[in-house]
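**Q** Now for the letters of each chain:
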Amino acid sequence: MLSAIEIEKITHELQQVPVKKAACIEALKIVQQERRWISDESVADIAAILEMSTAEVDSVATFYNLIFRQPVGRHVILLCDSISCYVMGYTVLRQRLNEILLIGYGQTTTDERFTLLPNACLGTCDHAPALMIDDDLYRDIKPGDLEQILEKYH
Amino acid sequence: MERPLTQHIPDNGAALHLREYEAVGGYSALRKALRDMEPAQVSTLIKDANLKGRGGAGFATGVKWSFVPMDVPGPKYLIANADEMEPGTFKDRWLLEGNPHQLLEGMVLAAYAIQATDAFVFLRWAYKDAAREMRRAIADAYTAGYLGKNILGSTFSLEMQLHTGVGRYMCGEETALLNSLEGKRATPRAKPPFPQVSGLFGKPTIVNNVETLSWISHIVNNGEAWFKSLSYTADGGTKIYGVSGRVNKPGAWELPMGITMRELLEEHAGGMRNGYRFRGALPGGASTDFLTDAHLDVKMDFAGVAAAGSRLGTGTMVVLDDHTCPVGFVHNLEHFFAQESCGFCTPCREGLPWTEKILWSLENGTGEPADLELLERHARLLGPGNTFCALAPGAMEPLQSALKYFREDFEQHIKEKKCPYAHHQH
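As they're listed, the protein sequences go chains A and B. Here our numbering is used: the first residue of the first sequence is -11, the next is one more, and so on. Here our numbering is used: the first residue of the second sequence is 693, the next is one more, and so on.
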C-alpha cells in the first residue's frame, strides 16, 4: 500500500500532466525515494493510482537504469564503466571494490550498507575515473582512495 | 579571443546567480526581443546566423524552428535536451552548472520565436549540481518576471519545468526523449510526423541541445555577423571542445569553431602524457569514427571532420593511446551501445550484443579469422538506413574505423590467441 506522503506527492504530479499515464516515471521516482526500490506490490499500487495495467507500469520501471526492481542497500555505488574511465583504469577500481566489499556488480553487502552497480558515462570524463555514491560524485579516484570514501557512508 | 558562453563562469565552475548574470548583461536580449522584435524576426536571425545544433547532429537551428506551424492554436513546447549521456561528453555539464540563466534566457527567446506555451529542461539524473542550480534559477527567473505570465510586461507567457531523468542513453534521441517526458519507455518514434509538427502529447515541439540554446541571447544581442566572425570557418560561433584520455591536461575549452585537432590536443590538452603515444581519437563522443595522427590538421568544424570521414558530434574527443588496446577500447564502446539499445528494432537489439561478443572473444583469445568479416558485415548491416534510429549506426562508426585503422591489432589478437596489451581491462 502506498503511504499517505507517497499518495500526496503522486497526486501533486498528476496535476502537472495532461494524462495520468504521463506521471508514471515521476510516480516510480517518488516511491523509490521512500522505499529505495520498486517491489511488485509498488508496481501494482502505482498502476492502480495511475489507472494503468501493472504490465504497463512494469514495462516503464524495467526500462530505466536507475529504477531498481530489486532491493538495494542503504547506499548505491555507481561505478562509471564508459570509455574515458576505461582508458583511465576503472577496472582497477572495480577489482578493489570487489575486494573491500566482497560483492560484485548487482550485489548488496550482507549488512545492506552498499549495492554496487556499473553506470554509463557520468559526464565528468576529464576527471576519470569517477563514481557516484547516492548523490555524491567522486572524481580522479585512485584505488587507494576508496576505503576512505566508503567510510563516510553507514 | 571571445568566449561568450563561458567567459562569466568562474574558474571553480560555480553558478552565476541571477544578480550576477544581470550584472553582465543577462536578460537584456530577452528585453530587446520582447520590445523590438516579432517572433519571426528572432527565427530569421537564428537562421541567418546559421547556428548549427551542438548536440551531435549539427542540424541548422533556425531551419528546425521554421517547421513549427505558427497558426495552430493550443499548447506548443520547447525542450532543452540536457540528457548529456554520450560517452566521453562533458560539455553541457559546464554550462548547466555554471550559467543556468544563460540557458533559461535562450529558452525563453526560442519559445518566443516559435510561440511555445510550455518549456522543459530534460536533465540527466547524474547531474545533481546542475539540478540544484537549474531549480534555483527557474525559481529566481519566475520571481523576477522572466518566466510565467506576461513576461516583462509583454503579452508573451511561458511556463518552465525541470524534469530529471532516470537514466537511459536513448533519452537523448529527441523522439525517445518525448516518450520519456510522457512517462513512457524511451523508444524512438517513427518520423514523419516530425516533432516540430507533432511532438510532446501530439503538439508542435522543438528539442534543442543546451549549448545550442545557450547561444540564442548572444546572437539576439550581437547579430549574425558577429556570430560568424567568432569562427575560423563557415560554421559560425565558438564550440566547447573537450579532451579526455591520457593527455596531460584533460578538460573542456570554449574555442573558435574550426581549430585543428593538433591545436586542441597539443596547446589545450597539453599533449600526451609522458611515455604514451597518440594513436587515434574519437573526435566527438562514442558514436563517431576514429581519426588518427594522419588527421591532426583537420579543422574541427562540421564540414572538416566530415571530410576526414568522421563527425564533429559533440566536439568532445576521447584519445586512444598506445598502451590501450584498440580492440578492448571498441569492446567497451559496443558493450555500452548493446546495453543501451532500447530493443525496439531487431538489427540493433540482436546485432549489437553479437558485435560485443565477437570483440570479447577476440580479447580473450578465442577469436577466429572469419570474425573480422563478421564484424565488417555488422558495420554494414547496422549502418544508416537499416535501423529505426541513429543509435546502431552511431555504434558502428568507431567499429568500422577501428577495423580500418587498427586492423593489425585485430589480426594480432586472432593470430596470437590473446590480447597483446599488458593490461587486461574489461
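Quick caveat, the hints were computed from the structure, so don't treat them as lab data. All residues carry an ideal CB built from backbone N, CA and C; glycine is no exception. Where hints are given, some of them may not hold.
Claimed, not checked - Mimicking DSSO-like on lysine-lysine, the simulated pairs with C-alpha atoms at most 30 Å apart in a straight line are:
| hint | chain 1 | residue 1 | chain 2 | residue 2 |
| --- | --- | --- | --- | --- |
| 1 | A | K(-3) | B | K1109 |
| 2 | A | K8 | B | K1107 |
| 3 | A | K8 | B | K739 |
What the hints assert, rightly or not - Computed spacing ranges between beta-carbons, pair by pair:
| hint | chain 1 | residue 1 | chain 2 | residue 2 | range |
| --- | --- | --- | --- | --- | --- |
| 4 | A | D133 | B | E1103 | 19 to 27 Å |
| 5 | B | R1041 | A | A(-8) | 19 to 27 Å |
| 6 | A | I88 | B | K820 | 20 to 28 Å |
| 7 | B | K820 | A | E29 | 53 to 61 Å |
| 8 | B | D985 | A | T(-1) | 58 to 66 Å |
| 9 | A | G94 | B | G1057 | 20 to 28 Å |
| 10 | B | P1076 | A | I88 | 41 to 49 Å |
**Q** Run every hint past the structure and note whether it holds.
**A** Here is how each hint holds up against the structure:
1. A:K(-3) x B:K1109: violated, 57 Å
2. A:K8 x B:K1107: violated, 59 Å
3. A:K8 x B:K739: violated, 38 Å
4. A:D133 x B:E1103: 19 to 27 Å: violated, 39 Å
5. B:R1041 x A:A(-8): 19 to 27 Å: violated, 42 Å
6. A:I88 x B:K820: 20 to 28 Å: At 24 Å between Cβs, range holds.
7. B:K820 x A:E29: 53 to 61 Å: violated, 29 Å
8. B:D985 x A:T(-1): 58 to 66 Å: Given about 60 Å between the Cβ atoms, the range holds.
9. A:G94 x B:G1057: 20 to 28 Å: Given range 20 to 28 Å: holds, Cβ gap about 27 Å.
10. B:P1076 x A:I88: 41 to 49 Å: Given a distance of about 45 Å, which is inside 41 to 49 Å, the answer is holds.
Hints 1, 2, 3, 4, 5 and 7, counting from the list given before, are not met by this structure.
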